[in-house]
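> Sequence:
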Amino acid sequence: MFGLDLTHRYPSLPLGEVVERIHHFETDSDERRQETIASLVDAHPMLSFDWGRSRRFRRARMIAPGDAIDHVDALVWRRSSRARLGRANPEGVSVLYLADRRDTALSEIKLDRGDVVLSDFCILPGKAVRVAPIGELIHVHRTGRGFLSGDNSGQLSAALNACDPDQSRAMLITDAFLHARLTDISDDYRTSS
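FYI, our numbering numbers position 53 of the sequence shown as 57, with every residue one higher than the one before it.
Among these hints, one or two may not hold up.
As the list claims (entries may be wrong) - Pair by pair, the computed Cβ-Cβ distance ranges are:
| id | residue 1 | residue 2 | range |
| --- | --- | --- | --- |
| 1 | Gly70 | Ala162 | 52 to 58 angstroms |
| 2 | Gln38 | Pro18 | 17 to 23 angstroms |
| 3 | Asp168 | Gly118 | 50 to 56 angstroms |
| 4 | Gly90 | Gly20 | 29 to 35 angstroms |
| 5 | Leu110 | Asp74 | 30 to 36 angstroms |
| 6 | Leu110 | His75 | 19 to 25 angstroms |
| 7 | Gly158 | Asp46 | 14 to 20 angstroms |
| 8 | Ala132 | Asp168 | 56 to 62 angstroms |
Please keep in mind that the hints were generated in silico from the structure rather than gathered at the bench.
We treat Cβ as the ideally placed atom computed from N, Cα and C, and that holds for glycine.
Model the full assembly from the supplied sequences, consistent with the hints where possible.
Okay, here's the thing in structure tokens:
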């Protein structure tokens with residue numbers, strides 16, 4: 005599933021550069037912060053996990069009182085309006101956010117009160133979804149088991165351990181930083197998107 009040397013296939017930024025960029029991140033201009041995020045994402049390994057038809061995903065959508073959903077498109081995104089700035093997308097770029105848990109889907113929409121539609125999506129027979137998870141590397145490193153890699157976590161850990169130590173550190177620091185930025189609920193999404 006994973007090659008033995010991740011940094012050979014996905015060269016990380018030099019450890020010193022990663023540390024320096026992250027160290028100055030909070031005091032950098034918005035433009036410099038976006039450049040930092042872009043360069044770290046470009047260097048981040050895009051590991052893929054194939055999820056088959058046994059996996060289910062949820063999506064929550066707020067709806068106005070009395071509104072009805074008359075087509076599945078309305079559950080995915082509103083085609084009639086421009087996409088808003090989101091956790092992983094800039095304004096105007098539509099991204100389908102799905103969660104593997106009901107609570108996660110509901111927390112993503114930050115609903116205090118009101119009406120919501122919660123949809124379940126399942127993978128069609130013979131099809132698969134590929135997921136490139138940010139935060140998986142650091143979670144495997146810290147706990148020995150990933151949220152998404154599951155039984156393959158040992159292979160991912162072995163691949164990380166086969167890397168040059170400084171390159172592995174740079175990769176893990178990058179992954180942890182990107183995960184923290186992506187999941188920071190106080191972020192206004194200008195840098196994470």
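> It remains to establish, for every hint, whether it holds in the given structure.
Status of the hints after comparison with the structure:
{"no.": "1", "hint": "Gly70 to Ala162: 52 to 58 angstroms", "result": "holds (55 angstroms)"}
{"no.": "2", "hint": "Gln38 to Pro18: 17 to 23 angstroms", "result": "holds (20 angstroms)"}
{"no.": "3", "hint": "Asp168 to Gly118: 50 to 56 angstroms", "result": "holds (51 angstroms)"}
{"no.": "4", "hint": "Gly90 to Gly20: 29 to 35 angstroms", "result": "holds (32 angstroms)"}
{"no.": "5", "hint": "Leu110 to Asp74: 30 to 36 angstroms", "result": "violated (23 angstroms)"}
{"no.": "6", "hint": "Leu110 to His75: 19 to 25 angstroms", "result": "holds (22 angstroms)"}
{"no.": "7", "hint": "Gly158 to Asp46: 14 to 20 angstroms", "result": "violated (28 angstroms)"}
{"no.": "8", "hint": "Ala132 to Asp168: 56 to 62 angstroms", "result": "violated (32 angstroms)"}
In summary, the numbered hints that this structure violates are 5, 7 and 8.
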